[in-house]
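Colleague: What follows is each chain in one-letter form.
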Amino acid sequence: MTSASSPALDFSQSPINQALSPERKIELFTMMVRIRRFEQAALKYYNAGKMGGFLHLYIGQESVASGTISLAGPDDHFITAYRCHGHALSVGMNMNECMAEMFGKQTGCSKGKGGSMHFFAPDKGFWGGHGIVAGQTPLGLGLAYGLKYQGKEGCCLCYLGDGAVNQGAFHESLNLAALFEIPVVFVIENNGYSMGTSQKRSSSFRGCLAQRAEGYDMEWDVINGSDVYEVRAKTHIAMERARKEHKPTLLEIDTYRYYGHSIADANHKKYRTPEEIENYKQNHDPINLFRRRLIAEGVLTEEIADAINKAAQEEAAASVQFADQSPAPTIADISTDIYWETDNQTPASRIGRHFFDA
Amino acid sequence: MTSASSPALDFSQSPINQALSPERKIELFTMMVRIRRFEQAALKYYNAGKMGGFLHLYIGQESVASGTISLAGPDDHFITAYRCHGHALSVGMNMNECMAEMFGKQTGCSKGKGGSMHFFAPDKGFWGGHGIVAGQTPLGLGLAYGLKYQGKEGCCLCYLGDGAVNQGAFHESLNLAALFEIPVVFVIENNGYSMGTSQKRSSSFRGCLAQRAEGYDMEWDVINGSDVYEVRAKTHIAMERARKEHKPTLLEIDTYRYYGHSIADANHKKYRTPEEIENYKQNHDPINLFRRRLIAEGVLTEEIADAINKAAQEEAAASVQFADQSPAPTIADISTDIYWETDNQTPASRIGRHFFDA
Amino acid sequence: MSRILTYREALREGLDEELARDPNVVLMGEEVAQYNGAYKVTEGLWKKWGDKRVVDTPISEAGFIGMGIGASMLGVRPVMELMFWSFHSVAFDQLVNNAACVRYMSGGLCHCPIVVRGPANGGTNVGATHCHVPEGLFAAFPGLKVCAPATPADAKGLIKAAIRDNDPVYVMENTLLYGTSGEVPDPADGDFVIPLGLADLKREGSDISLIAHGRSVLHALEAANILQSQHGINAEVLDLRSIRPLDVDAILKTVKKTNRVVLVDESKPFGGVSAMVGTLIMEQAFDDLDAPVQRVCSIDAPAIYSPHIENEQLPNPRRIVEKVLSMA
Amino acid sequence: MSRILTYREALREGLDEELARDPNVVLMGEEVAQYNGAYKVTEGLWKKWGDKRVVDTPISEAGFIGMGIGASMLGVRPVMELMFWSFHSVAFDQLVNNAACVRYMSGGLCHCPIVVRGPANGGTNVGATHCHVPEGLFAAFPGLKVCAPATPADAKGLIKAAIRDNDPVYVMENTLLYGTSGEVPDPADGDFVIPLGLADLKREGSDISLIAHGRSVLHALEAANILQSQHGINAEVLDLRSIRPLDVDAILKTVKKTNRVVLVDESKPFGGVSAMVGTLIMEQAFDDLDAPVQRVCSIDAPAIYSPHIENEQLPNPRRIVEKVLSMA
Ligand SMILES: Cc1ncc(C[n+]2csc(CCOP(=O)(O)OP(=O)(O)O)c2C)c(N)n1
Ligand SMILES: Cc1ncc(C[n+]2csc(CCOP(=O)(O)OP(=O)(O)O)c2C)c(N)n1
Ligand SMILES: [Mg+2]
Ligand SMILES: [Mg+2]
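Quick note, the sequences are listed as chains A, B, C and D, same order.
Start counting the first sequence at 20; every next residue gets the next number (the working numbering).
Start counting the second sequence at 20; every next residue gets the next number (the working numbering).
Start counting the third sequence at 214; every next residue gets the next number (the working numbering).
Start counting the fourth sequence at 214; every next residue gets the next number (the working numbering).
Any given hint could turn out to be false.
[Claimed, not checked] If you want a taste of the chain C side facing chain A, the calculated C-beta under 7 Å gives, among others:
hint : residue
1    : MET280
2    : TYR317
3    : ASN379
4    : ASP460
I should point out that these hints are in silico values taken from the structure, not numbers from a laboratory.
Note that the structure is predicted; figures quoted are calculated from it, not measured.
Every residue gets a Cβ at the ideal spot worked out from N, C-alpha and C, and that includes glycine.
Just chain A, with the same shape it has in the complex (with noise of 0.2 Å):
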């Protein structure tokens, strides 16, 4: 890798990327600062035991959901794994809602009946937070699949990670979209393991995990993570072929996580060298990369960053307010949602035992 002050390629000159205002550009700069603030939020909750279940942080990953999710059109959609939170605030939801569902509270987004794994906003085209690895594949190449049918001019992100793509389900899906022409981006986001397990320790490949779209006869790329515009340019190609060729790509963007997989990993240290981890944050930074780009481009000043910075910081002590004080879900509550039928007391729901409690 190269440090983003002197990229092998200067995606900054890409046309997706010149067409960046530099408003937009702060935009996505605030996006990547205000997912991390946010997180580092929720860590802290996290250990004061206000959340139950798992944390996946993304902290690392930024410049993957606020990249590709800056390309968004009207009629694009997004599908992820558990690791959801960069995405959800890509998409446009707001940290209370995000933070309450951690706290398991009624006005989180998916009224505490989720957790941090499943975040969802179908409003905003984002459909979870999945916690079964590579579960969420065949649902993103339907939604794509259901964007086409319907003869929407959109495409449908899938994002997967590195150790996902040995799952059995993701491999249908691939032949299918490739098969069925259909307007889905598979994104591999490469953080380099699976838990514990090193991407080499998981898969057998041959050059990159992405190659092999190649026996699906699918397209490809990769992407240097760090590099926000290098994400933006390469995903940009991907969602124009799936929206107007309905040809779907398997892109893999390197990536990084500065944390466990989740919280409750505590041997992070033990399958990563401190170096290793020291190198990405120091040198391959996402947003460090960002805020230096930008400052060098004239568009922010380190003043405005730090603002940026406060504000997200704000933002996240308020929503973790927010959250604490909402209620908790009742007893009852476990009962709804589970049936569309029954939530809107249908006549349908009115035939027959629904429930079965004694």
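Guided by the hints, dock chains B, C and D with the ligands onto chain A, whose structure is given.
Modeller: Chains B, C and D with the ligands only, in chain A's frame:
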């Protein structure tokens, strides 16, 4: 395709084929003939109502099972899908136990419990006979894993159809095979169709199906199945790679089935033209081609070939008689062969209730 | 006015009507289009409706069912055929996690109006892996609905209800019923839909209740005839039709009427629909029972192939009659 | 002599002893080797036994479990960890067809001495897809065996029995039990194996039987204490331990003794182990019952995430006590 009288490459000169004595060549020819005659007899009595369920005929594909399994050493193992009669006879199962199995009789290889799709002969290295498409592929991987674990210099040939390549379990098996360096050879018997769906309507691929192996950094090759010498020559290389280097291979053998997917498939002349079927029978039939070849080599005469044919017909007819006269399973037989422990009346089998019939 | 249709034709008519009614309905599955369906349920529909509405898929059940689930979240209404319901095993995650839980995990934001249909039965000598009858297995997952029609009319009425339902509905058909015939109301007389969750009293009786679903209903009816003519026992036959939602009222009503129950269920005896119905009856009608509820299930083994014996592994009229007589 | 071990340590000791006893035993699973196991059950075993005996796999459950099944047919004895039993959904075909049916379909020629183990429980706020408790689901398949230990000693004894068993055994552990402790016999006192199929009377009582398995046993014991101290009700607690084979004799014995039963089962109420046990009791001990068997199951919804409420969805001592009191 070229006809076998003037093959593009003369695989009869490959060392593994040069090593074949005239007797072994005749054995190989005999095996192919026996498979065909056995199945023709099965067809006749299936149509006469002597069998239940499905009958998936292997006729047209005989060179694949007989050619590959003729390479078997003492520690080689085999597993395939439901189209399993050719493999069963090739490993040395006799016609009686096979025919009786289809007749649903106690004397069948699986005591009438498995039927046409589930022939087994573990003592001969043959592990079935499996009905769920591609479900056998992880098992084949596992047999090879077991060989390596036990330090045996053998390999497992695991067969599947061209339609089966799009099942998730197969993809997972490919990655595991390459990653763990397992001595397995996956053999795609590409007969061009999965039921009524042509290869190009079920798979997206570049070049050929076997090329998907590249995505896993695995060796692969394509074989003309109408030339049993080619089948042997190329499969031998893969088997040696497995046995000696513990490296898997993905082979694709082009072949053809003359009948429908199963005998219930009344459509098979709709999705394929009569010309296509006729062309295979006339120009690519592996038995006819090998017969001509051996006669040209002076290994076989027309008379001997006819005698082999006649003997095979008689053997098949005798197996029908054996099957017909064998006893059917009893109601009590339904309840055995479920647990090893109860079948063997071990101490463990006497603790707790294993069966719940009211 | 009604006509005599086969179960297969009735299903096809239902599918055809729903394709006509709602342009979001799309049929998918292996061999459903150009081949006309492995069991010919979809015969003629591809020719009539074309590539967009009737889609052949590769042998990738997890992939195409997951695809249907994803598309359904956007408003498409996929009706997906499993060539055998037994092949659920390779798509299980999509069926029980994505379809059943996505509404819940999203706090009600997503919904999943899919239908998965196909045959689920033993009795055709296809061996253990092809004979699963997973009604009870799927009904155990809140979020899913399951039905299992026994007659042509029920098949048509239920498939139409399933397609219109806004939740995932798994319709269990039966290869041995496809060729059976029965009266089905004429479309000219109006839209014919049978709601999920409504059992059907297929035979009135006073001495004992036989409760069944799917093909077991036909066995129960045959057994009832034998019981009447040879033993003077007047059996009532209740066809559950739908497993979830379940018509508990109808179950309790027949129990209160006859005070004796035999459940007939092609499931294996550990679990299955019958264990659940048995438990329900005990929990809610214990004092109405003159004798413990009895069950006739498949003999507790993987499905045997042998055509000489498979029918003896399954519930059949003889086994039902014997069970009823044993309770006397 | 016995020592206090955690459930996790007891399992590990059992695995370690079996690795030592039989060179064909091999542990496989995601993160079981170098990472020491996601829940640290296998901690130290890779270091001790090396790459051949303790194997990290990719996230390919169908692939590696199928691989284990194939290897087992040749005599290898794979003990495979599902990081969560919930991930059975992506390996279902291998688990219920290949493992359960290969012996049958081959007329007894193949056998499949595998163990699949891992945690199967709710209560850790991980949401609907990660909280399946599939004991009843798998026990429904003849050919499979299932157990669910509740204590450290049972965990050790049963995992060892499972590994020595020549049939596929699915061992359901519990993340909330891993850290609990209890007495476990000292290896110096001899090989400690608990046979499958043997229930354990965890508390003697005379007024009512609480029948449970897995973590529900601890809830039942706690409820029994409350019933005794606050209500003067002396409850018996029977721990099934093994679901298939099932100790039907022990079940009938406690029913005959107390004549009243509450089944405690973390399954959802449609089906599950409790529906089966309830039906069995009705079929075989109807006349011994003074009241209908009652059940405490998880509330019938996918598992909710919220840590504020998840415990209320599950069986818990309060809900058990309330159910018992409601029967008075
Ligand atoms: C089918 C399945 N198997 C195992 C798991 C447990 N698990 C959750 S995340 C994970 C690692 C995934 O790694 P990767 O795909 O690289 O994504 P990352 O965590 O790096 O974002 C595992 C093994 C699961 N959730 N689902
Ligand atoms: C998982 C699964 N899905 C569907 C089927 C039904 N089915 C049996 S064979 C077959 C076609 C397989 O074609 P191919 O793999 O090319 O093998 P061939 O029949 O040509 O030998 C199908 C769809 C099945 N048995 N298992
Ligand atoms: Mg990763
Ligand atoms: Mg084929």
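Colleague: Hint by hint, say whether it matches the structure.
Modeller: Hint check results:
A least Cβ separation of about 4 Å between MET280/C and chain A falls short of the 7 Å threshold, and the interface hint therefore holds. The beta carbon of TYR317/C is positioned within 7 Å of a beta carbon in chain A (closest approach about 5 Å), and the interface hint is therefore held. Interface hint at ASN379/C: satisfied, since its Cβ lies 4 Å from the closest Cβ of chain A, which is below the 7 Å cut-off. Here the hint on ASP460/C is kept, as its CB sits about 5 Å from the closest CB of chain A, short of 7 Å.
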